[in-house]
Each structure stands twice: as C-alpha cells, then as structure tokens.
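Visitor: So the sequence shown is numbered by the numbering used here: it starts at 72 and just counts up by one.
Please note that a few of the clues may not be correct.
Claimed, not checked - Each computed EDC-like pair below joins lysine to aspartate or glutamate, with the alpha-carbon atoms no more than 20 Å apart:
#, residue 1, residue 2
1, 267, 293
2, 281, 243
3, 113, 84
4, 226, 243
5, 136, 84
6, 194, 106
7, 144, 180
8, 113, 99
9, 265, 327
10, 226, 293
11, 113, 92
12, 267, 220
13, 136, 162
14, 300, 273
15, 113, 80
16, 281, 217
17, 144, 84
18, 136, 123
19, 230, 189
Derived by calculation from the structure, the hints in this document are not laboratory data.
Predicted model only: the values in this text are computed from it and were never measured.
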Amino acid sequence: MGEYVFVCEDSIEGILNGVYEAYAFKKEQKIESHDLLHLATKNPDTYRLFTEYLPLETNAENASKVISTIRKKLGEETYYQLCLAMASCFEEKADAVYHTIVLGLQMNDRQIFDRLGEDCVQKAFRCARASSNEVGRMLQFIRFSELEDGILYAKMNVKHHILPFIMPHFSDRLPMENFIIYDENTNTYGLHPKFKPWYLAEGVEFDNDKIRFTEAEKEYQELFQRFCKTIAIESRTNEKLQTGMLPLRFRPNMIEFSENNSARI
Numbered sequence: 072m073g074e075y076v077f078v079c080e081d082s083i084e085g086i087l088n089g090v091y092e093a094y095a096f097k098k099e100q101k102i103e104s105h106d107l108l109h110l111a112t113k114n115p116d117t118y119r120l121f122t123e124y125l126p127l128e129t130n131a132e133n134a135s136k137v138i139s140t141i142r143k144k145l146g147e148e149t150y151y152q153l154c155l156a157m158a159s160c161f162e163e164k165a166d167a168v169y170h171t172i173v174l175g176l177q178m179n180d181r182q183i184f185d186r187l188g189e190d191c192v193q194k195a196f197r198c199a200r201a202s203s204n205e206v207g208r209m210l211q212f213i214r215f216s217e218l219e220d221g222i223l224y225a226k227m228n229v230k231h232h233i234l235p236f237i238m239p240h241f242s243d244r245l246p247m248e249n250f251i252i253y254d255e256n257t258n259t260y261g262l263h264p265k266f267k268p269w270y271l272a273e274g275v276e277f278d279n280d281k282i283r284f285t286e287a288e289k290e291y292q293e294l295f296q297r298f299c300k301t302i303a304i305e306s307r308t309n310e311k312l313q314t315g316m317l318p319l320r321f322r323p324n325m326i327e328f329s330e331n332n333s334a335r336i
C-alpha cells in the first residue's frame, strides 16, 4: 500500500488543519495505520515512489477542533510545547507534531513529551527546544527605541517564527505603551496599542527609512554605547565566549553593537 503526504501551510493553524485532514482521510479511506500518513509544509525537492502528495488549504474551524482536543486530552503544557515545535524552522516539524499527537491520544498520555525514545516525540521535542531557546534569548536581547510619535519600536532577526511567543511577555510588561516588534525574517509585525490586546500583521509595507528617533532617544543610545565601551576590559576580551552567549546574527539590532544610531534600522 502506498503512502500519503499532506502538504499544508507553514503555520500553527495550517499544520493543525493538516492533522484534522489526516485523521479524516484515514477514516474515510479505511487506512489501517497512521504510519502511512505524513504531513509536510512544502513539496519535496525529490518525490518518493508510491507516495501521493495532497495539497491542503487551511481551514481555521478544523484547526480549532484539533486545538480543543489537544487541550482537553493532552493538557495545556503539551499544547504549548507542540506550538513551539510548529513555530520552528525545521522541515520535519509538521510530521513530527502529527505523529506525536497521534501517539499521545492513543496512549492517553498528558506527558507525551517525556517519551523521548519515540522518534516522532524526539523530533518534536528538538523543534520545540530550538524555538524555546530562541524565545529566551530574544526576551533578553530585544532593544526598544522611542520614535518621534511616542511609539516604542524594536527589530529582530530570528530563525524561528517566535513572535507570537514574544508579544505576550512585553504586552504584560508594557501594558501602557504603544509598541511594535518587527521580525524581519518573516516580515511580520507584532502591534500593541496601549491598554489593548496585541495582534500580528503580515506582509505590511513599512518604510524603515522614515523611522525617526526622538532627540532624547538618540542621546540615551549614545550614552549607552559609551557606557558599554567604558566598562569593557580589553585585556579580558573573550570573543569565543561572547559569540557563544550572544550570536552575531542578533547584534545588528542591538544598540550596544551599533557604531551609530542609524545602523540599527
């Protein structure tokens, strides 16, 4: 018997819709095992023999049903870990999440992520850990700047689509501020109006050249850069350790590593 690969949208909603469609297809076609069904977020470079690739359109209602089932039967913590895994940039994430959900529901195990001996769980755990590590780093490395209209603006460049996990933290810390966090890798904006819920905007045209800092912000940036240079002890510089703690890809968006104010934008 051949296998089937459902090609779904590369998003949490898209992957969970894929899970729903895979279950429905298995029941409809009377397929014996989930092992014959797989999920992917894009078509492969090389197609496998005896495998049918089925493109899917995202259905929010179907995804919502899967979310409800996961929360009810596997718990909030497992759902959160699965979301972290789906936010990662790894190609294996969709299939790993699908088969982890299948295994968790079959065993009725709310601690399914402890079963690292299972290949699908190990892959899902690796995806979730990568996203989680990057979330932890960005909560430390994000630098806000005040614009002339009073909006706080921050820019980040990350591997994984973790902006939805970043926004709740800062909306809780800065409820009285209008702020924007821009993920240049996915061209996604996290927008937070003061005292209102945050939301995401994708594919929005935004002219970075028109960004203008307040005079006070420029002065504080200059003072902070000078402070960082002053406290540094040149004879104790350890570039290898510093790079391990703070990867180079994060630095262009950090004030202390910018040679001038305009370099950050």
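Visitor: Taking the hints in turn, state whether each one holds.
Guide: Quick rundown of the hints versus the structure:
At roughly 32 Å between alpha-carbon atoms, residue 267 and residue 293 are farther apart than 20 Å, so this suggested pair is violated. Proposed proximity of residue 281 and residue 243 is contradicted: the alpha carbons are some 28 Å apart, above 20 Å. Taking the CA atoms of residue 113 and residue 84, the gap is near 15 Å; set against the 20 Å cutoff, the hint holds. Between residue 226 and residue 243, the direct Cα distance comes to roughly 19 Å. Compliance with the 20 Å bound is thereby established for this hinted pair.
About 11 Å separates the Cα atoms of residue 136 and residue 84, which keeps this hinted pair within 20 Å; it holds. Taken as a hint, the residue 194 and residue 106 pair is honoured in the structure, with Cα atoms around 15 Å apart against an allowance of 20 Å. For the given pair, residue 144 sits about 8 Å from residue 180 by alpha-carbon distance, which is consistent with the 20 Å threshold. At roughly 24 Å between alpha-carbon atoms, residue 113 and residue 99 are farther apart than 20 Å, so this suggested pair is violated.
Distance hint between residue 265 and residue 327 is unfulfilled; the C-alpha atoms sit about 27 Å from each other, more than 20 Å. For the hint linking residue 226 to residue 293, the alpha-carbon distance of about 18 Å falls within 20 Å, and the restraint holds. For the hint linking residue 113 to residue 92, the alpha-carbon distance of about 16 Å falls within 20 Å, and the restraint holds. Taking the CA atoms of residue 267 and residue 220, the gap is about 18 Å. The hint holds against a cut of 20 Å.
About 24 Å separates the Cα atoms of residue 136 and residue 162, which puts this hinted pair outside 20 Å; it is violated. A hinted pair counts as satisfied when its Cα atoms are at most 20 Å apart, and residue 300 with residue 273 does not qualify at roughly 37 Å. With a CA separation close to 8 Å, the supplied pair residue 113 and residue 80 stays within the 20 Å bound. With a C-alpha separation of about 14 Å, the suggested pairing of residue 281 with residue 217 holds against the 20 Å cut-off.
Taken as a hint, the residue 144 and residue 84 pair is honoured in the structure, with Cα atoms around 19 Å apart against an allowance of 20 Å. Between the alpha carbons of residue 136 and residue 123 the distance comes to roughly 26 Å, so the proposed pair goes past 20 Å and is violated. Between residue 230 and residue 189 the alpha-carbon distance is near 26 Å, which puts this suggested pair outside the 20 Å criterion.
The structure is inconsistent with the numbered hints 1, 2, 8, 9, 13, 14, 18 and 19, although it conforms to all the rest.
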